[in-house]
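Asker: This is what each chain is made of:
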Amino acid sequence: MRRREFIAGLGGSVAWPLAARAQQGDRMRRIGMLRPFDENDPVAKSQLSAFAQALAGFGWTDGRNVRMDLRWAGGDINRIRALAQELVGLQPDIIMTNTTPAAVALRRETQTIPIVFVGVNDPVASGLVARLDRPSGNITGFALVEASLGGKWLGLLSEIAPGLKRAAIMFNPDAGTVSTYMPSFEAAARSLKVEPIVAPVRSDAEIETTIITLGREPGGGLVVMPDIFTPAHRAPIISAAARNNLPAVYSLSVFARDGGLLSYGADLVDTWRRAVTYVDRILRGAKPGDLPVQFPTKFEMVVNLKTAKALGLTIPPNLLAVADEVIE
Amino acid sequence: MNRREFITFLGGAVTAFPITWLAARALQNDQIRALQLRALRLQAENASSTIEQFIKGIESQVGWNTRLPWSTDQRKFDGLRTLLQVPAITELSQLDSDGKERLRQSKHGMDVPNSPIDLSHEPKFTEAMAKKVYYGPVYFRRESEPYMTLALAGIRRDGGVSVAEVNLKLIWDVISQIKVGEHGVAYIVDAEGRLIFHPDIDLQLAQTDMSQFPQVVAARATPTQPVQVVKDINGRKLLVAHAAVESPRWLLFVEIPLDEASALAE
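First to last, the sequence lines map onto chains A and B.
First residue of the first sequence: 1, per the working numbering; consecutive thereafter.
First residue of the second sequence: 1, per the working numbering; consecutive thereafter.
For the record, the hints were derived by calculation from the structure and aren't laboratory data.
Please note: incorrect hints may appear among the correct ones.
Covered stretches of chain A (in silico footprint by chain B; criterion: 3 or more residues with CB under 8 Å from a CB of chain B, positions within the stretch not fixed) [unchecked claim]: (1) 126–140; (2) 149–157; (3) 180–191; (4) 290–303; (5) 311–324.
The C-beta atom is built at its ideal place from N, Cα and C for all residues, glycine as well.
Just chain A, with the same shape it has in the complex:
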């Protein structure tokens, strides 16, 4: 670095937070993006635009000094694997992705290209990183694992569904995330005197059967896990819950926006925004293995009042007052 750059660098970075720090006149950097879901999914779209906006805030503009190569897998595991291979073949400077299967597929394809993930339930258990503080490979990112969330979801369910007697925890057994949340779910069930029911589902038909069984007698409720299966099958889950009068709590806000009763979980758009701090640092030479895995700090609650009304439920005013979004 020349003297002029040193002083310019000092001067520029004095005004923290930095608006635009990316080096100008550098070669074009390439960011590969493996998106597990569908291109037209509104959630994926808002995450992507939050990401691009935050990236521009660090001085990286698509088409000027970075180029994004996007691949959409439409929720198909086999396609995720093929696209991971294709993206690695492009030899980008960094690859961004979300969900456990997509991160695992990328990690299998490359031990050198830096990977930043978001929305991975448990990066240690899924073998992505050895340690959270020092991931030590070519991969780091933003995890979701807060094992106690299983209890939080059930606690919220009991607040909005008075007379709760049985609660099912719905998940896809192939996604392998339920074990993280199970202990706290069961502990909460004990303290709330609610019967916990394990409800693995692999298809729309199994979703339907599970929800019909639960709704047969009053006092039933549902908690839906975050994994790669449930958001892709949210339409049948939400509609079956409505038809069978079953109060349900979800971990992702998209469920409540699409007609689910209540969602509580990490704000994923915020996480995508935060992930940009790591992308920026890696593009400037930091090693992913030196950057600790981070956890979500911003949580959001969305309440669907229309659904509550249809179920004949009164949402406690305290919950309504603090909800980030109320759908009427």
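Keeping the supplied structure of chain A fixed, place chain B upon it in accordance with the hints.
Answerer: Relative to chain A, chain B alone:
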């Protein structure tokens, strides 16, 4: 005649002498060094004010919870609101004026009302009751995320104490994004002289005792002298600026090896 005028005079009067060139160059180097010192100091001060604002912000958000005398419903509502609105606050406990935990709320877990926990002899209760605010030592969750306990007593005694577990990774971001030359670095030591924030996560986790390091000793001895040259433990000279983070009584340092700063000035 000040130095600049003198140089100008020299320049005008004895153009033919090479001394002109040398003097001008020396002046330029002086100016560059002065700029470097200023920039270092500004960086330290800016980062420390960002961090102070962050902590003050958290304090005012936590403070809302103890404004009114005890009412379970009110506290539950305020607590939930705080957790949803303040990303950095992960957990919140409400203690009554006897130091009993009446309600514990978390972003990730179920509410725990009236736990049998008695905190009446813990510093987070006693110090907060005595001094209104208590800042705990920095600790790490899951070996990766820095946290601090922040406890605030109500304005009235019957308001009890609110105890927040505060995620401090924003401070790590601030520290890690400071760039000074090639080998410059910014870091923070706490009131006991322990290293609590450093871009290198291993050093940060080790919480090295730096209380006897020359830059820490010098900063404590002469707080008004914001930039100093000190020798580090390996005998290497450093150009160091510091700024105080007043509330938790931390010291923030920005430093660069002197030879690198000098090479850049050449």
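Asker: So is the segment 126–140 of chain A in contact with chain B by the C-beta rule, three or more residues under 8 Å, or is the coverage claim wrong?
Answerer: holds (count 4)
Asker: Apply the coverage criterion to the segment 149–157 of chain A and chain B: a residue qualifies when its Cβ sits closer than 8 Å to a Cβ of the chain, and three qualifying residues are needed.
Answerer: holds (count 5)
Asker: Confirm or reject the coverage of the segment 311–324 of chain A by chain B under the rule of 3 or more residues with a beta carbon closer than 8 Å to the chain's beta carbons.
Answerer: holds (count 5)
Asker: Check, residue by residue, whether the segment 180–191 of chain A contains three or more positions whose beta-carbon lies closer than 8 Å to a beta-carbon of chain B, and give the verdict.
Answerer: holds (count 3)
Asker: Within the segment 290–303 of chain A, is the number of residues with a Cβ closer than 8 Å to a Cβ of chain B three or more?
Answerer: holds (count 11)
Of the numbered hints listed earlier, not one is contradicted by the structure.
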